[in-house]
Amino acid sequence: MAAAIVEARGLHKHFGALHVLKGVDLDVAERELVFVIGPSGSGKSTLLRCLNRLEEPSAGSIMVDGINLLDPRTDINHARQRIGMVFQSFNLYPHMTALGNVTLALRKVAGKSRGEADAIGRQALERVGLGDRAGHTPGQLSGGQQQRVAIARSIALEPRVMLFDEPTSALDPELVGSVLGVMRDLRDSGMTMVVVSHEMGFARNAADRVLFMDEGVVVEQGPPAAIFENPSHDRTRAFISQIQRH
Amino acid sequence: MEALIQSFFNAEIAAAALPIVLDGLLNTILLSLLVVPLGLLGGLILALLANVRHPLVRWPLMAWVDFFRAFPPLVLLVLLFAGLPFAGLELGGFACVAIAFFLNTGAYYGEILRAGIDSVPVGQVEAARSTGLSGLQAMTYVVLPQAVRNVLPDLMSNTLEVVKLTSLGSVVAVPELLFQARQAQSVTYNPTPIVMAAVVYFLILWPLVRLLSRLENRALAARR
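From first to last, the protein sequence lines are chains A and B. Counted the way this note's numbering counts, the first sequence spans residues 1 to 246. Counted the way this note's numbering counts, the second sequence spans residues 1001 to 1224.
Just so you know, not all the hints are guaranteed correct.
[Stated by the list, open to error] Which stretches of chain A does chain B cover? Using the computed rule of at least three CB atoms under 8 Å from a CB of chain B, they are:
#: 1; segment: 82-89
#: 2; segment: 121-128
#: 3; segment: 182-192
[As the list claims (entries may be wrong)] Over the 12 Å line for every Cβ pair with chain A, so calculated as not near, a few chain B residues:
#: 4; residue: E1002
#: 5; residue: E1126
#: 6; residue: R1149
#: 7; residue: V1187
[What the hints assert, rightly or not] Among the chain A residues that face chain B by a calculated CB cut under 7 Å, a handful are:
#: 8; residue: S58
#: 9; residue: N77
#: 10; residue: R107
#: 11; residue: L141
#: 12; residue: F239
#: 13; residue: I243
Quick caveat, the hints were computed from the structure, so don't treat them as lab data. Backbone N, C-alpha and C define an ideal beta-carbon position, used for all residues, glycine too.
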């Protein structure tokens, strides 16, 4: 087993009176693709957002690539460059071109010159198949293209792990394939990934491991075949049969 | 009719007063170039502070903004001009106008910019922070450009008001357009210079008003 890139222990998260994460452990090995499924409100997005501290966990510990993420002495802005994140609603900067979106952090955080950043940015856009769209603004791109630009924005920083928060949920069905294709390429290149998604087909043939979460806990986990064909918990079975009916 | 033209559109007096009025125009432009950026700076500081949720920042900030929006700018200006010397500060009219505008128009600009910042979806900041940008960098490169664009018509409209309000400077002897026109009027015993000032105000402000209308129409069209 390769070294763990992500080691989360005993994560709890409270939103006021709401107890959203109730002691979650998550290890992700290098080059592993972990899929997180579960009903809405199960805490899967919150778990993902804790992994780059967009949400502050109420308790627990998180190590990412050897960095203690919750240590007050940790430079979180520095650490976040190693943790890419892709959002359901893309969150591209509408006032910048695709290339501008990809190069902003390269220039302002990684300290690259404009020329260096542009070269890296174009390469990242090539990788997601949008080399010819560098000068387009988000408004001129389809949802699928916007999401691929968002992926390029993350991979340009050469992260050690990438977090996907329902990356295809906001897309028209015919655009989902292009985004999943890019994610598959990433996986094939050895990127470590944690994906929250309902794309069961993708999970089945790309994931190394599937986690089923419900009510703030990991109910069970295992290889996709085991979770999908032969879940050991009733809750998992109920959820999977419900998803597959659609 | 003849008497009317003699009083209000007297060519002879207009010719004599022209250099004085133009001098005033120059000072009005200089004053605007001073107070608009000052007001914007004050507004930006207030808008950024509005993001701080701490009660020790929030309540004084709210009191500050409310106070200076409720305080008539002319009264504020006179108070500064007449009152500061008693505190041992002889600042002169120009500096008093600058301070009064920083306080008064800053509060207005601040409310507009705050609304602009609030209009930018929180996902924008999250995306920026997730790539390692600091809070300040996310504000500077991601939020503020969108915020300003979203409230551009309101910012321009306020700027228009600010330029008009520079005529208040005449009360504290700042030789701006209105002050100079009144000087010319008092030496010629003829209101033609005031008419000239009015025409000059209209000529410099009307293009701004047109531009503002176009921006507002475009904003409306974009919303449809």
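Okay, the hints, checked on the actual structure:
1. Requiring three or more residues with a Cβ within less than 8 Å of a Cβ of chain B, the coverage given for the segment 82-89 of chain A holds, as 5 such residues are present.
2. Remark: the segment 121-128 of chain A is not confirmed as covered by chain B, as 0 of its residues place a Cβ nearer than 8 Å to a Cβ of that chain, below the required three.
3. For the segment 182-192 of chain A, the assignment as covered by chain B is violated, since 0 residues bring a beta-carbon within under 8 Å of that chain's beta-carbons and 3 are needed.
4. For E1002 (chain B), the condition that its CB be more than 12 Å from all CB atoms of chain A holds, with the nearest at approximately 59 Å.
5. At roughly 6 Å from the closest C-beta of chain A, the C-beta of E1126 (chain B) falls inside 12 Å, breaking its exclusion from the interface.
6. Taking the minimum C-beta to C-beta distance to chain A, about 7 Å, the non-interface status of R1149 (chain B) is violated against the 12 Å cut.
7. Remark: the non-interface label on V1187 (chain B) is consistent with the geometry, its nearest Cβ contact in chain A lying 53 Å away (cut-off 12 Å).
8. Restraint check, S58 (chain A) versus chain B: the minimum CB separation of about 18 Å is more than 7 Å; hint violated.
9. Annotation: interface hint on N77 (chain A) holds; nearest CB of chain B at approximately 5 Å, less than 7 Å.
10. Hint status for R107 (chain A) relative to chain B: violated, with the closest Cβ pair at about 9 Å, above 7 Å.
11. With its C-beta approaching chain B no nearer than about 15 Å, L141 (chain A) sits outside the 7 Å limit, and its interface hint is violated.
12. Of the supplied interface hints, the one on F239 (chain A) is violated, with its beta-carbon coming no nearer than about 27 Å to a beta-carbon of chain B, more than 7 Å.
13. Given hint, I243 (chain A) at the interface with chain B, is violated; its Cβ is 26 Å from that chain's nearest Cβ, farther than 7 Å.
Comparing the model with each numbered hint stated earlier shows that hints 2, 3, 5, 6, 8, 10, 11, 12, 13 do not hold.
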